[in-house]
Structure formats: structure tokens, C-alpha cells
Amino acid sequence: MTDLAYVSPRAGQRSTASRLGRVALRWTLYLLLGLFALWFLMPLFVMVTTSLKSLDEIRTGSLVALPRDVTFEAWKTAWGSACTGIQCEGLKPYLWNSVLIAVPGVAISTIIGALNGYVFAQWRFRGANLLFAALLFGCFIPFQVVLLPMARMLGILGLAGTIPGLILVHTVYGIGFTTLFFRNYYVTIPQELVRAAKIDGAGFFRIFWSIFLPLSLPIFVVSVIWQFTQIWNDFLFGVSFSSAGTQPVTVALNNIVNSTTGVKAYNVDMAAAILAALPTLLVYVVAGKYFIRGLTAGSVKG
Amino acid sequence: MTKWLENHVPKLVLAPSFVAILLFVYGFIAWTAWVSLTQSRLMPRYEFEGFGQYVKLFSTPRWDTAMTNLAIYGILFIVISMALGLMLAILLDQRIRVEGAIRTVYLYPMALSMIVTGTAWKWILNPGLGLEAMVRGWGFESFTFNWLIDPNMAIYTIVLAGVWQSAGFVMALFLAGLRSVDGEIIKAAQVDGIPHWRIYTAIIIPSMAPVFLSAFIVLSHLAIKSFDLVIALTGGGPGYATDLPATYMYAMAFSRGNLGQAASSAMVMMAVVFAIVVPYLYSELRAKHD
Chain L
1 MTDLAYVSPR
11 AGQRSTASRL
21 GRVALRWTLY
31 LLLGLFALWF
41 LMPLFVMVTT
51 SLKSLDEIRT
61 GSLVALPRDV
71 TFEAWKTAWG
81 SACTGIQCEG
91 LKPYLWNSVL
101 IAVPGVAIST
111 IIGALNGYVF
121 AQWRFRGANL
131 LFAALLFGCF
141 IPFQVVLLPM
151 ARMLGILGLA
161 GTIPGLILVH
171 TVYGIGFTTL
181 FFRNYYVTIP
191 QELVRAAKID
201 GAGFFRIFWS
211 IFLPLSLPIF
221 VVSVIWQFTQ
231 IWNDFLFGVS
241 FSSAGTQPVT
251 VALNNIVNST
261 TGVKAYNVDM
271 AAAILAALPT
281 LLVYVVAGKY
291 FIRGLTAGSV
301 KG
Chain G
1 MTKWLENHVP
11 KLVLAPSFVA
21 ILLFVYGFIA
31 WTAWVSLTQS
41 RLMPRYEFEG
51 FGQYVKLFST
61 PRWDTAMTNL
71 AIYGILFIVI
81 SMALGLMLAI
91 LLDQRIRVEG
101 AIRTVYLYPM
111 ALSMIVTGTA
121 WKWILNPGLG
131 LEAMVRGWGF
141 ESFTFNWLID
151 PNMAIYTIVL
161 AGVWQSAGFV
171 MALFLAGLRS
181 VDGEIIKAAQ
191 VDGIPHWRIY
201 TAIIIPSMAP
211 VFLSAFIVLS
221 HLAIKSFDLV
231 IALTGGGPGY
241 ATDLPATYMY
251 AMAFSRGNLG
261 QAASSAMVMM
271 AVVFAIVVPY
281 LYSELRAKHD
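The listed protein sequences correspond, in order, to chains L and G. Taking the numbering used here, the leading residue of the first sequence gets 1, the next gets one more, and so forth. Taking the numbering used here, the leading residue of the second sequence gets 1, the next gets one more, and so forth.
Don't read these hints as lab results, they were simulated from the structure. Built from N, CA and C at the ideal position, the CB exists for glycine as well. Among the hints, erroneous ones may be present.
Some chain L residues judged to face chain G by a derived CB distance under 10 Å, without partners named [what the hints assert, rightly or not]:
{"hint": "1", "residue": "I112"}
{"hint": "2", "residue": "L135"}
{"hint": "3", "residue": "T171"}
{"hint": "4", "residue": "I189"}
{"hint": "5", "residue": "N233"}
{"hint": "6", "residue": "F235"}
Produce the complete structure using the sequences and hints provided.
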């Protein structure tokens, strides 16, 4: 770490003027950091305050003003009666859809990723490297290139526009990342451990269950958070492969915001946006460390 | 039989993933590639036709706009995110007392869906009621800020929202990079009385080349795939002014019913991604072997 306030051995000879300059520099530093913090927080602040205002107050007041009369009407509408098109049931059913898609999607892709990673790290066989590269490659493709055949495939499987269809899609395209996470984690566990267990007569699953699984909590957290954020925030697959009743929350939010019927209710839009963002924000606040670890692990290789 | 099973368990465990990837990634890419070489419209037709779809694609003004927008958006998004991310990382690297809290604030947009980000900025940039109205309310009656509805400027609103979302993430990457630079070298330089800015420009930043590269790869990947942000913020409009290849492809596939165009535009997107990612992956994998 370097430090602008580092006191070098010669600092004793410096004049008061340079010490003053140092203090000024320090203040400028904090000022700059504070201004950027404001820039990052401003949209969240505007979303929250707008969601608590009445439409009249929005029209007459300033964007950044605090609400004069706090009202939760917009939240009630966003939750239960906002229109996403012809249906006016609010965001509630779509939040539930996202849960129904995300929970099995996260669970299945993480379990498959753990087993795959275990094989790639500890049970190497001829061609394993090539296979791993082939799997990683799948992380990089722009999904537009699989959109059309996937739509047809889901139709053939009878899963078009269904929640199981979306679970399948998210699982298939999540495996690359989850495998990468677990493989990179398990590769740090010494191979002697597996060899010794084999000599003691333990098999593939037994070794996984009693040696690897107990060590795996941190990487499970990383994988679950990564997959949950990906699936919850997904829009492309949701908008391409869902039908009227099975849309995830991101698609419903976009429909609410862009629905052309009636008066534009900005407060409802903002309340709905916060509702849609809340689960991933919560995960970030509670488990930020793991969130960042997934991001950097996923980004260095994907 | 049990013996055989025991020996092949690892391969059997991988088998379902292998089959899935073979079909859903490679098979699907092949399908899209094939369809891009046919005359398919609403329904796929499988008679080989040649590169007609690509010729048509590159003579379509809307695609031209989309590619130009991708260049503008991609370059600005990458350059500004990297510059801002590096700056924030250096600022935060000065033994800041509340570093953890500040980092949390800078990085939270990354947890949001692009649809949420787009929705928020669409409201902030709303010419009638957002920033413009606010500044006018302060007494600057002639202030205009209507990029969202200005066909020439709308693409920059996407840059703005995209940078807002990703800058904190780039900062996190750079901060990790800064912290991994050898402390001894820095101390030696400080003892020699080399000014701090020189330590950064001459020692620390050059040694972070790999971090720059991976930040570049991630950001370019994000830029090419950008779809949700455009849909939520501008819907591709006004007109086609903010179309990107991803929104063009989607429009052809799902609202225009033009599978041939959708497939060929998707293939071009993939080619752009690979032109950037493959050399990187190749060098990464080679480095691992050495």
C-alpha cells in the first residue's frame, strides 16, 4: 500500500507550509471520495424518495427533494395492482416466479458444478483439460447465438413459456461458471488426501462427501450468490422464453415501466424497481465479500 | 461390472454436463451458423444459400447504426469505466479510514439488474421532471438536458448508466491489483524520495498490466452483450438511434420474424466477442502450462 501521508525519514526537515499542504491534500481526497459516493448513491436516493411521493408532489417538486407527505400508496400499487400489460396484479406474482426459477436453478447448477469441479481438480483423466476448456468456452459466448435454437428446443421439449424451461436454460448456461468456481477451489486441496482415502478403500462419492464437502462452505456461498444474482437479474432469457403468466420480475418491471396505458406513475415505477432489486441488494449487503469474490473469480476467467 | 463402474465414475459424473454443453452450446452455435446461411424468414429453412444474409445485414442502415453505436458505446464505456475505476482505486488506496463503507457504496450498483439501473436513470434523465426540471427550478430557466430524447445524444445516456453500474467493479479489480504490488519496491522508492505520483506512474501502474487486460476483457464482454440496459433506458429509441447489435438481433428474432437476419447478426456478435476473448484465453492457458 502506498500512502500520500507517508512520513519519510526526511519529513522532519519539512516546513509547516508543506505540512499544511499535506492536510489540504488529505481534505481534497476525502472530498473527492465523498462526491463520488454521492454520485453512486444519488439514483438509489432518488428512487426511494420518488417512491414515497404522490404524483402531484412529483410533478411540482424537485427530483432530489425529500417527500413532504410520505405515502406508501405507490408501494401498495407496485406490489399488488400495477399493470404489466393487460394484467394488473402488481409485481407480486412475478417476484414469486423469479423465486421459483432462481431456487432450483441455483441449487441444480451449484450441485452439478461442485461435482464437475471435484472431477476436474482431483480425478483427472485423459482429455479432461480439453473438456474443461470446452466447458469454459460456454461462459464466453454471447447468448444471442443460442437464443433461436433454444426457443425451438424448448418447444420440442414442451417447455416453451414455462418455468421449468427457464430453470433448464439457466442451469445449462450456469454450469460453466459453477464448475470453474469449484474446480479452482478444489485444485488447492492436496491430491495426497484423495490417494490416502483411496487406499483406505473410500470411493468417489465417499471421498467427496466426507473430505471435500465439509471444506466447501465458502465456495458454495460464492457459487450460490453468483448464480442467484445472475438468474434473478436476467432479462434476456426471461423475455425470450417466458409467457404471460411465467415472466420473471425483471420482465414484469420493464413492462410496468413501459406500459402505455393510463397516467405515467413514476412513483410506482420506482417502488417496483426497488422491489425487484431488493433480493440481490440484500445478498450484497449481507455477503458482500463473497459477492465480490465471485465477481472477480468469474471475471478473471469469464 | 462394479469395478468398471468404479473406474469410470468420474467420467460418468461429467457425462451429463458434457452432453448438455455439446448440444446447448456447440450444437446450437452450429444451428445458428447454418440458419445464417439460409433464406429463413419466419420459419427456419435448411437449404444452403450462401452469405446473402450477411450481405443484406451489412447493407441495412439499422445494423449500421447498431454497429456504430456499439463502437461509440463500447469505447466510451470501457475507457471511462477503466479511468474512473483506476482513479477511485488509487484514491481509496491512501489509508482511508472508512474504506470498507466507501467500497460498499461504490460497488452496490453491480448487484442491481440492468433493468433496475435503466429504470432509475430513465427517471433521473426524464427531461420534463428529472435533472433538467431540477436545474431549471434552481433558476437556470434555459438549462436543457434532454439527451434521452435526442437521437444524437441518447447513446451517451447508455454510456452514463453503464459506467455508473460498472465503475465500482473495475475499482475493486484495480484495488486488488494495487494491493498485490510488491511493498518492498514501493518502500525503497519512498526512501529514495521519489514523489508519490511518480511511484504510481512509474512503478505501480506498469506492474498492473494483467489487471488492465482482464478489466478490458470483462468490460468489452459486457458492452457487446448489452441488451437489458438499452431496453430499459431507451428501448432502442428514439427511432433506432440507440440500437445495439443485441437489440437488433432480438428485434429480428422475436418481433420481425426474420430468423436469417437474427442468426447472421448473432454470428457477427459472436465473432466480435471471440476476436477479443480468444487471444486472451489462449495466452492465459499457455501461461498456465509454462
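Here's how the hints hold up against the structure:
1. Checking I112 (chain L) against chain G by beta carbon gives a least distance of about 6 Å; that is within 10 Å, so the hint holds.
2. Hint status for L135 (chain L): holds, given a least beta-carbon distance of 6 Å to chain G, under 10 Å.
3. Taken as an interface hint, T171 (chain L) checks out: its beta carbon lies about 8 Å from the nearest beta carbon of chain G, inside 10 Å.
4. Below 10 Å, beta-carbon pairs count as interface contacts, and I189 (chain L) has none with chain G, the closest being about 16 Å; its hint is therefore violated.
5. The restraint placing N233 (chain L) at the interface with chain G holds, with a minimum CB-CB distance near 4 Å, inside the 10 Å limit.
6. Given hint, F235 (chain L) at the interface with chain G, holds; its Cβ is 4 Å from that chain's nearest Cβ, closer than 10 Å.
Comparing the model with each earlier hint shows a violation of hint 4 alone; every other hint is respected.
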